[in-house]
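Quick note, the sequences are listed as chains U and R, same order.
Adding 1367 to a residue's 1-based position in the first sequence gives its number in our numbering.
Adding 605 to a residue's 1-based position in the second sequence gives its number in our numbering.
None of these hints come from the bench; they were simulated from the model.
Keep in mind that a hint or two might mislead.
[To be verified] Pairs of lysine-lysine, DSSO-like flavour, derived with a Cα cap of 30 Å:
id	chain 1	residue 1	chain 2	residue 2
1	R	K683	U	K1433
2	R	K683	U	K1431
3	R	K725	U	K1398
4	U	K1584	U	K1506
5	R	K661	U	K1452
6	R	K683	R	K661
7	U	K1686	R	K733
[Stated by the list, open to error] Listed next, with one range per pair, are the computed distances between beta-carbon atoms:
id	chain 1	residue 1	chain 2	residue 2	range
8	U	S1412	R	R716	46 to 56 Å
9	U	V1699	R	L744	25 to 35 Å
10	R	K689	U	V1458	55 to 65 Å
11	R	L660	U	K1686	17 to 27 Å
For each residue, glycine too, the CB sits at the ideal point set by N, CA and C.
For reference, the chains in residue letters:
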Amino acid sequence: MDQQYTFFEVKDKTLFLKGSWVVENVEFIQKKLASFVGFESVDISLIDEIDTFGGLTICDSFDKSKLCGDNERVESVIKLILQNKAQIPSVKKKSLLLRFSDYLEKKIKDYVFFLNFLGKSTVDFISKISDFEFRAFVKDIQNMGVGAIGIVGVLSFLIGLVIAYQSAAQLKQFGANIFIVDLVSISIVRELGPLIVAIIVSGRSASSYAASIGLMKVQEEIDTLDTMGVSPYTLLVLPRILSLFVVMPLLIVFADIVGIFGGMIISNLILNVNFAEFLERASRVVTIKSFLSGIIKGPVFGIVIALIGTSEGFKIEQKTESIGLHVTASVVKSIFSVIAIDAAFSVIYRWLKI
Amino acid sequence: MAKDLIIQVKNLQSAYGERIIHENLNLDVYRGEILAIIGGSGSGKTTLLKELILLKEPKKGDYLIDGKSAKNLSFKQKQTIKNKIGVMFQSAALFSSLSVGENIVYVIKKRYNIDDETAKNMAMLKIKLADLDESVYWLYPSELSGGMKKKAALARALAVDPKILFLDEPVSGLDPISADEFDKTIKKLVDLLGISVIMITHDLSSLLIADRVAIIADKTIIFCDTPDKIHTVNNSWVKELFMGERGKRFLDGNKA
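Next comes chain U alone, as it looks inside the complex (with noise of 0.2 Å):
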C-alpha cells in the first residue's frame, strides 16, 4: 500500500494531493480517494503533472473551496474543467407502444418509398429516356449474366444429380426407373431451374446493385447526376432492369439444360435408363408448353430482383450500418419475393391448365 502515498499525504486535517494526477493513474487514485474524508482543506501545490482526467477527478471529489495551494497548471486545468463541464443530456427511454408504432412507421415508409421509387423510375424511362447509356447495359449482361453462367452451372447440374439419386431407390422398387426421365426433367424445367436462376441472381446482382448504387448515393454521385439533369433513374436503373429481363430467361435455358444432365448421368448408373432412352422420352415429356412456363417466369423475376435491388440502393443514407442493412434487405427481399411469385405463377398456371 506503498503506492498511496505517491498520490496523497496527510498532514492535519490538510490532505496534500501530489504526484502525476494523469491518465493512467486516474483508475488507482479514484479507488484510494474514497478512503480519504473529511479534511478541512486539500492542497494541490505538490502535484506535478496533471491532465483533464486528474483535473476531471479533483473537480468531481473535492469542493472547489476546500482547495487550497500555490500551482497555476492545476488551477488553469481546474478552471478550464469547471467552465466547460456539462450534464450529458438525458435520452427518454421509448414505450413499448411507441416503438411499435416506430416500426409500423418504418415499414409504411419503406412501401410508399418502393411505390415512389417505381413511379419517379417510370416517369423518367419514359421521359428521359436519352440518358440511357447502351455501354451499361451490355457490361451489366457481362458481369450479371455471363458472370453467373459458372455457379449456375454447377448448382443445377447438383440439384439435377440429388432429385434423380433420391426418387432412384423409389422408383427402382416400383419397377418404373423410365418415370425418372418424367420426374427430374419435368421438376426442373417447370420449377427448379427458374427458382435456382432466380435465387442465385438475387444472391449475386441484388446485392451488388444495392451496395453500387448506395455508394454512389454517399458519396454524392447521384446528386450530382441529379443537378446535370440526368436522371439517376434511367441511367442506374433501366439498364439493371433490361439485363436481367433479358439474362435471366437465357440463364434458366442453360440451368434446364444443365440440371438435366446432372439426372441423366444418375438415371444411367444407377436406374440402367441410357442416355439415348432418356432423351427420346425427355423430348416427349418435356412439352414446349412446360418448358415456355418455366422460361416466361425469368423475365418477371429478372425485373422484380433488379427493382428490389436498385431501390434498396437508393435508401442507403451516411452511415456505415445502413449499407450492411439494406444490402442484406435487398437479398432478402428479392429471394422472399421471387418464391412468393414462383408460388403464384402455379396457381395461375393450374387455371389456365397449363
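Dock chain R against the given chain U, drawing on the hints supplied.
Here is chain R on its own, set in the frame of chain U:
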C-alpha cells in the same frame, strides 16, 4: 519554451514502391509547440504524418518519439506510443455507427481502464472543450455539419489527453470565421494542456497560431523555423505562396 524534443526525425527516406517521396528528411519537434507543415499537393505531407503515427514504415532512416526509437517496435511498444498520440484525419473519420459521445467514450475505454461514469463525463468535457453544444453528445456523425464533424473529431483526438496531437488539414472545408475559431480553440488547448501539435495545413491564416513552420519541397524539409523568417526561403513555390496575393494577407496579419 523549453527546448525539449518530443519528436526527432533523422534522415528519413520513404517510398511507395519505386516512387521516392522523402529523401534525407530531418525534423525536430519540441514539447509544447505548434508545428505547422506546409507544402504543395503531392509533396508528401500526409505520408510523413502516416509515418509519424506508425501507420506506414519508412524505407530508411529513424525517428524518435518521446525519446524512444519508433523502428522495429513490438506490438506492445507500438501501443504505448499510440496511447500518447491523438490524430485527427482530414475527413474527420468519426465512427458513423456511434454517436459523438460514444465515439469518445470508446477511445477512452479502449486505452485505459476507466469506469463508465468518468469516461462519459470526460467525453462530455471534451465535447465542450472543442466548442460544441451538449446536445451533440447523442448525435450521430451523419447528423452533423462539416464544421461540427471537424470539432467532434478534435474532441475525439483529445480524448485521452495525448502528448502529441496530429492534425491533418484541420480547417479545410471550414469557412474563414469558423477556421479562425477552430485555430483559437487549438491554441487555447495547447497552452492549457501543454500538448505538442503537428498540423498539416493549406490555410495560411492557421500559420498564425504556429510556433514554427516546416516546409516540405523537393522530397525534404527545406525550411523549419518561426513564421516571420519565411521570407528568407528561396523556393519558387514558397515565394508564390507568400509573396502572391494570398501571402500578403498572411504577412500583414502576422505583423499585427
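How the hints compare with the structure:
1. K683/R / K1433/U: 41 Å, violated
2. K683/R / K1431/U: 39 Å, violated
3. K725/R / K1398/U: Within the cut-off at roughly 18 Å; holds.
4. K1584/U / K1506/U: 21 Å, holds
5. K661/R / K1452/U: 38 Å, violated
6. K683/R / K661/R: Holds, at about 12 Å.
7. K1686/U / K733/R: Holds, at about 24 Å.
8. S1412/U / R716/R: 46 to 56 Å: 30 Å Cβ-Cβ, so the 46 to 56 Å window is violated.
9. V1699/U / L744/R: 25 to 35 Å: Holds, at about 30 Å.
10. K689/R / V1458/U: 55 to 65 Å: 33 Å, violated
11. L660/R / K1686/U: 17 to 27 Å: Check passed, 25 Å falls within 17 to 27 Å.
Hint check: violations occur at hints 1, 2, 5, 8 and 10; the rest are consistent with the structure.
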